[in-house]
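Protein chains: 2
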Amino acid sequence: MAKKVHGEESPSIREEVLRLLKKEKGRFVSGEEISAAMDISRTAVWKHIQALREEGYDIISLPRQGHRLLAVPDRLYPREIKEGLATAVIGRHYHYYPVVDSTNTVVRKLAAEGEEEGTVVAAEEQTGGRGRLGRSWFSPPGSGLWFSLLLRPALLPREVPRLTLVAGLATAKGIAKATGLEVRLKWPNDLYLNGRKLGGILTEMEAELDRVHFVVVGIGLNVNVGEEEWPPSLRGTAISLREACGREIPRVPLLQAILRELDDCYRRFLAGEFPALLQEWRQRAYLGCPVFITLGGEKRRVEAVDVDEEGLLLIRKEDGEISRVVAGDVELIQE
Amino acid sequence: MAKKVHGEESPSIREEVLRLLKKEKGRFVSGEEISAAMDISRTAVWKHIQALREEGYDIISLPRQGHRLLAVPDRLYPREIKEGLATAVIGRHYHYYPVVDSTNTVVRKLAAEGEEEGTVVAAEEQTGGRGRLGRSWFSPPGSGLWFSLLLRPALLPREVPRLTLVAGLATAKGIAKATGLEVRLKWPNDLYLNGRKLGGILTEMEAELDRVHFVVVGIGLNVNVGEEEWPPSLRGTAISLREACGREIPRVPLLQAILRELDDCYRRFLAGEFPALLQEWRQRAYLGCPVFITLGGEKRRVEAVDVDEEGLLLIRKEDGEISRVVAGDVELIQE
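Protein sequence lines, in the order shown, are assigned to chains A and B.
Following our numbering, the numbering of the first sequence begins with 1 at its first residue and continues without gaps.
Following our numbering, the numbering of the second sequence begins with 1 at its first residue and continues without gaps.
Hints are computed from structural coordinates only; laboratory data are not their basis.
Hints are not guaranteed to be accurate.
Since copy identity is lost for identical chains, a pair holds within one copy or between any two.
Below 25 Å or equal to it, Euclidean Cα-Cα: the simulated SDA-like pairs (lysine to any residue) are [what the hints assert, rightly or not]:
| id | residue 1 | residue 2 |
| --- | --- | --- |
| 1 | LYS23 | PRO231 |
| 2 | LYS299 | GLU228 |
| 3 | LYS109 | HIS213 |
| 4 | LYS109 | GLU309 |
| 5 | LYS109 | THR294 |
| 6 | LYS317 | ASP210 |
| 7 | LYS25 | ALA327 |
If you're wondering where the values come from, they're calculated on a predicted model, not measured in any experiment.
Bound-form chain A, shown alone:
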């Protein structure tokens, strides 16, 4: 039978070659075997192996023995993330970019084009990563998880802040599952470790007054950022998982764990379980402690008392008065 010529550069055959190497991980697979299994020429096999190497797969090739997969790169490739992910909604579609302006911006564009709920966009690097209130978000290549989800919940705009809490909780749970580290949550959207900022959530929406069209939840998490990598403005206030546990954290299983928790928490949220999720959030949050809060340009010391069912922060001022905060900057007081 003639070997396929047109299939030689086919990405789907490349996936098959990789699958075979993964299945046989630890042993050599001969070029002949691959060639026969895929019904392609030996030259085509070689080209696919080369292409996989360029993608970062560590493959050793020896004459008369063949090819052996030594290591899978820690890149957020769709094939790696989707392998064994098994989520129902979150990550149903997954788009990967080596570099983007901002994953939130990409998801917003996809949403405007009608993309369905659950789509995830992840990037190795963001050149215009954003935080709350137009602040920038440091997103160096390969050192973090910078990704965004598209959600289309049947919510009113004023109910959307709850999703930020749910996403923060899910991220914390995912980190715990993948690394054993227990991170803490700071209202409304930050993840902390050892009193330093580990990550944040940027929730954006498009809505009419009584209906949300879509919500974009962007998650930025410092995973393997090295101490020397931080820009001066973040040194001493930011932290990465690697710094916290003294070792490189593989990002692929971490992202998978977070996506699974997001899938689970979002399903529970839609099923009306926000009160229970909020209770879990509270257990991990900085509550019952003094914080600085900046409201309308004025910074004051208050007690962060609780978060209510709408996702608003309850603070106790020094005169004992309790008030609800819709938006404000909270700063931990390190004592």
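Position chain B against the provided structure of chain A, taking the given hints into account.
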């Protein structure tokens, strides 16, 4: 001096020709006079006159007498709307389309490209005009005002419903100025006349949790829709200004009047005068009367008591309990 050749098809010369005809409205202006004033050939004058006629300007041309402007068409041309408009923000930029999908959609696209606050998009016809909650909005050609504004207020998402009220009030005031008709407001976003729906407002936004990126306020107003034009679903429940006052209403001065009131009300809103605007809104609203309200699929008879400072509706249920309504469908009870 040689006549300009390249300028013959210039739209800016066309504007000059029109301005001259308007200035001399009621008398004939000779081709020679126009030709000399504009420094263009007699043939060019003729072409411009023809082009203006195609735009709907009624110009009579007689040999040896010249050209005389009899009537300006009632189209929402930028030159007609901007003439004497004198607003500070609203209508600063004005885009006109004979037909669009939806003016809100056009403004949202402009906003995403960085268009500044105050831009207005108006169309003679919308093929995909939208109302609240994804409902369609009947927007036949030339019979209404279908337009949208771009605003960039420093608001939280939960404060945006106030803008719907402000826009409704401004529209009612503009209609009163231009026609003498006093329309009534129905929470959250409708304009009524004689117990029938005259218009509506569709407010959309793009926001993060504590900052609005932009707000699009779309206004649809039935101006000269004829009784026979209504689709069966709207017959008996919708009304146009023409039906109400038995004569054709010129749309250009009407739109100008509304834009001026929007400009004024928005300026007052930004200056912190929402309480006073809300008071004006209340005076024109259906409050203190029984209505049907549909909440979570259930329709019940309640009293619409008031609207609070957040723009939420206060209702009194039959058992006397007062509650706040964030989103719901209110139906007037015609008794």
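So, going through the hints one by one against the coordinates:
1. LYS23 to PRO231: neither (42 Å within a copy, 64 Å between copies)
2. LYS299 to GLU228: neither (31 Å within a copy, 62 Å between copies)
3. LYS109 to HIS213: Answer is both: 13 Å inside a copy and 15 Å across each meet the 25 Å cutoff.
4. LYS109 to GLU309: Neither: 31 Å inside a copy, 34 Å across copies.
5. LYS109 to THR294: neither (33 Å within a copy, 34 Å between copies)
6. LYS317 to ASP210: between (33 Å within a copy, 21 Å between copies)
7. LYS25 to ALA327: Answer is neither: 52 Å inside a copy and 57 Å across each miss the 25 Å cutoff.
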